[in-house]
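Under my numbering, residues 1 to 321 are what the sequence shown spells out, in order.
If you are wondering where the hints come from, they were derived from the structure by calculation, not from laboratory data. Treat the hints with care, as some may be off.
Claimed, not checked - Below, simulated SDA-like cross-link-like pairs (lysine to any residue); rule was C-alpha separation at most 25 Å, straight line:
{"hint": "1", "residue 1": "K66", "residue 2": "I85"}
{"hint": "2", "residue 1": "K103", "residue 2": "C131"}
{"hint": "3", "residue 1": "K214", "residue 2": "Y306"}
{"hint": "4", "residue 1": "K240", "residue 2": "K292"}
{"hint": "5", "residue 1": "K240", "residue 2": "L272"}
{"hint": "6", "residue 1": "K292", "residue 2": "L272"}
{"hint": "7", "residue 1": "K6", "residue 2": "K66"}
{"hint": "8", "residue 1": "K130", "residue 2": "N88"}
{"hint": "9", "residue 1": "K274", "residue 2": "N256"}
{"hint": "10", "residue 1": "K117", "residue 2": "Y97"}
{"hint": "11", "residue 1": "K13", "residue 2": "N88"}
{"hint": "12", "residue 1": "K103", "residue 2": "L49"}
{"hint": "13", "residue 1": "K247", "residue 2": "N235"}
{"hint": "14", "residue 1": "K66", "residue 2": "N15"}
{"hint": "15", "residue 1": "K117", "residue 2": "C131"}
{"hint": "16", "residue 1": "K117", "residue 2": "I107"}
{"hint": "17", "residue 1": "K214", "residue 2": "G243"}
{"hint": "18", "residue 1": "K103", "residue 2": "V79"}
{"hint": "19", "residue 1": "K117", "residue 2": "H101"}
{"hint": "20", "residue 1": "K35", "residue 2": "S25"}
{"hint": "21", "residue 1": "K274", "residue 2": "Q303"}
{"hint": "22", "residue 1": "K13", "residue 2": "K35"}
{"hint": "23", "residue 1": "K311", "residue 2": "G234"}
{"hint": "24", "residue 1": "K66", "residue 2": "H86"}
{"hint": "25", "residue 1": "K247", "residue 2": "L308"}
{"hint": "26", "residue 1": "K318", "residue 2": "S212"}
{"hint": "27", "residue 1": "K240", "residue 2": "E260"}
{"hint": "28", "residue 1": "K89", "residue 2": "N65"}
{"hint": "29", "residue 1": "K247", "residue 2": "Q303"}
Claimed, not checked - What follows is a set of in silico ranges between Cβ atoms, one per label pair, in the way DEER data are often shown:
{"hint": "30", "residue 1": "K89", "residue 2": "K274", "range": "44 to 52 Å"}
{"hint": "31", "residue 1": "L94", "residue 2": "N123", "range": "50 to 58 Å"}
{"hint": "32", "residue 1": "K247", "residue 2": "H111", "range": "40 to 48 Å"}
{"hint": "33", "residue 1": "Q213", "residue 2": "I84", "range": "49 to 57 Å"}
If you're wondering where the values come from, they're calculated on a predicted model, not measured in any experiment. Even for Gly, the Cβ is constructed at its ideal location relative to N, Cα and C.
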Amino acid sequence: MDNNLKRDRFISKANRIHNNKYNYSDVVYVNSHTKVTIICELHGNFNQLPTNHLQGQQCPICGINKRTQCLTKTQEAFVLESSIIHNNKYDYSLVKYINTHTKVDIICPIHGLFSQKPSNHLNLKQGCPKCIVSRRINTNLSKYNVCNPKQKHMVTALKFLQDKEWLKDQYLIKGKTALHISDELGLDNTGSTVGKWLYRHNIPIRHNVGFSQKCIHWLSNIAQIENIEIQHAGNIGEYKISGTRYKVDGYCEETNTIYEFHGDCWHGNPILFKSSEYCNPWSSLTAGELYKQTIQREELIRQLGYNLVVKWETDINKDIK
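Based on the sequences and whatever the hints tell you, model everything.
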């Protein structure tokens, strides 16, 4: 078959495949692996192998434009779907969409720029990582009450940590103020982590439910091990000593035993605090004064004929570790 017949056959197939899009008047056909000149009505001449052209390859510039249009449509779809899922929270003006697994730049109105995979942003509904940290910290801090020495009453730990002016003057953590608690706790913080942070910085805490979970856990363990019943705030309520204003953490009627859980800051633990140290801002008492009150209360309990078992918070913390 001469080259003219091959040329005619090539042009016939090419028109059928590309729907008469191109002009083949400049084609000089040699063989399927020798490039020929093809004319695009929009972008002019381009050279291409006949075998590739018959497999669907098109004008290079047309191909680039088509891919760009597809990406634009995909980007528009990503922005639209993201806005719906995240309730128009984020700014997508910097997004340059490539594919679902290539990170794009998203702007959070609170924390600024962050990068995230489109698949995670859409399918997993992930948002700004700093917002996630703040949300977790706020949730966990709501479990605790804290003594705010500025206001002299119990407030939630979250409100306490939002008292920026007081914190800035009082607490430093690794060169940063306590205002940056998210940097201190990290992404995987839990309620217990927050509690340990507050404890480590000598901030008196107690749970919003009105009693210490550590205390209840300690009393429950004793009851189980010794096969006895202990009355406490976690079951029927704290036991009140008759003729006094005192309520105790735990009481076993069978053995006439009172159980007292001493929070280190609330009772001025002498192992942790110097006698003159101001360790409990809520009560405005020094550690020595708090410890003296604690000893007096213990003596009164014994004088009233009760057996007494005492556990310090620091000892329970050691057991937990």
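Consistency of the hints with the structure:
1. Among the hinted pairs, K66 with I85 is inconsistent with the structure: their alpha-carbon atoms are about 28 Å apart, more than 25 Å.
2. With a CA separation close to 18 Å, the supplied pair K103 and C131 stays within the 25 Å bound.
3. Distance restraint check for K214 and Y306: the Cα-Cα separation of roughly 23 Å lies within the 25 Å cut-off, and the hinted pair is therefore satisfied.
4. At roughly 21 Å between alpha-carbon atoms, K240 and K292 fall within 25 Å of each other, so this suggested pair holds.
5. Taken as a hint, the K240 and L272 pair is broken in the structure, with Cα atoms around 29 Å apart against an allowance of 25 Å.
6. Proximity of K292 to L272 is assessed by CA-CA distance (about 15 Å); at most 25 Å being required, the pair is judged to hold.
7. Distance check on the hinted pair: K6 and K66 sit about 31 Å apart at the alpha-carbon level, beyond 25 Å; violated.
8. Restraint check for K130 and N88: the C-alpha separation of about 18 Å stays at or below 25 Å, so the hint holds.
9. Straight-line distance between C-alpha atoms of K274 and N256 comes to about 34 Å, which puts the hinted pair past the 25 Å bound.
10. Of the supplied pair hints, the one linking K117 and Y97 holds, its CA atoms being roughly 10 Å apart against a limit of 25 Å.
11. About 51 Å separates the Cα atoms of K13 and N88, which puts this hinted pair outside 25 Å; it is violated.
12. A threshold of 25 Å between alpha carbons decides the hint, and for K103 with L49 the separation of about 36 Å lies outside it, so the pair is violated.
13. For the hint linking K247 to N235, the alpha-carbon distance of about 15 Å falls within 25 Å, and the restraint holds.
14. For the suggested pair K66 and N15, the alpha carbons sit about 20 Å apart, so the restraint of at most 25 Å is met.
15. Proposed proximity of K117 and C131 is supported: the alpha carbons are some 17 Å apart, at most 25 Å.
16. The hinted pair formed by K117 and I107 meets the criterion: a straight-line CA distance of about 14 Å does not exceed 25 Å.
17. Restraint check: the Cα-Cα separation between K214 and G243 comes to about 28 Å, which exceeds 25 Å; the hinted pair is violated.
18. For the hint linking K103 to V79, the alpha-carbon distance of about 14 Å falls within 25 Å, and the restraint holds.
19. A C-alpha spacing of about 5 Å is found between K117 and H101, which places the hinted pair at or below 25 Å, so the restraint holds.
20. The suggested pairing of K35 with S25 holds, with an alpha-carbon distance near 14 Å, which does not exceed 25 Å.
21. For the given pair, K274 sits about 28 Å from Q303 by alpha-carbon distance, which is inconsistent with the 25 Å threshold.
22. At roughly 16 Å between alpha-carbon atoms, K13 and K35 fall within 25 Å of each other, so this suggested pair holds.
23. A C-alpha spacing of about 17 Å is found between K311 and G234, which places the hinted pair at or below 25 Å, so the restraint holds.
24. In summary, the hint linking K66 to H86 is not supported, as the alpha carbons are separated by about 30 Å, beyond the 25 Å threshold.
25. Note on K247 and L308: the hinted pairing holds, with a Cα-Cα distance of about 14 Å set against a maximum of 25 Å.
26. For a cut-off of 25 Å, the pair hint linking K318 to S212 stands: about 16 Å separates their Cα positions.
27. Among the hinted pairs, K240 with E260 is consistent with the structure: their alpha-carbon atoms are about 13 Å apart, no more than 25 Å.
28. For the hint linking K89 to N65, the alpha-carbon distance of about 32 Å lies beyond 25 Å, and the restraint is violated.
29. For the hint linking K247 to Q303, the alpha-carbon distance of about 16 Å falls within 25 Å, and the restraint holds.
30. Separated by about 50 Å at the C-beta atoms, K89 and K274 satisfy the suggested range of 44 to 52 Å.
31. A beta carbon spacing of about 21 Å between L94 and N123 contradicts the range 50 to 58 Å that was offered as a hint.
32. Range check, K247 to H111: Cβ separation about 45 Å, and the 40 to 48 Å hint holds.
33. Between Q213 and I84 the C-beta distance comes to about 41 Å, which lies outside the given range of 49 to 57 Å.
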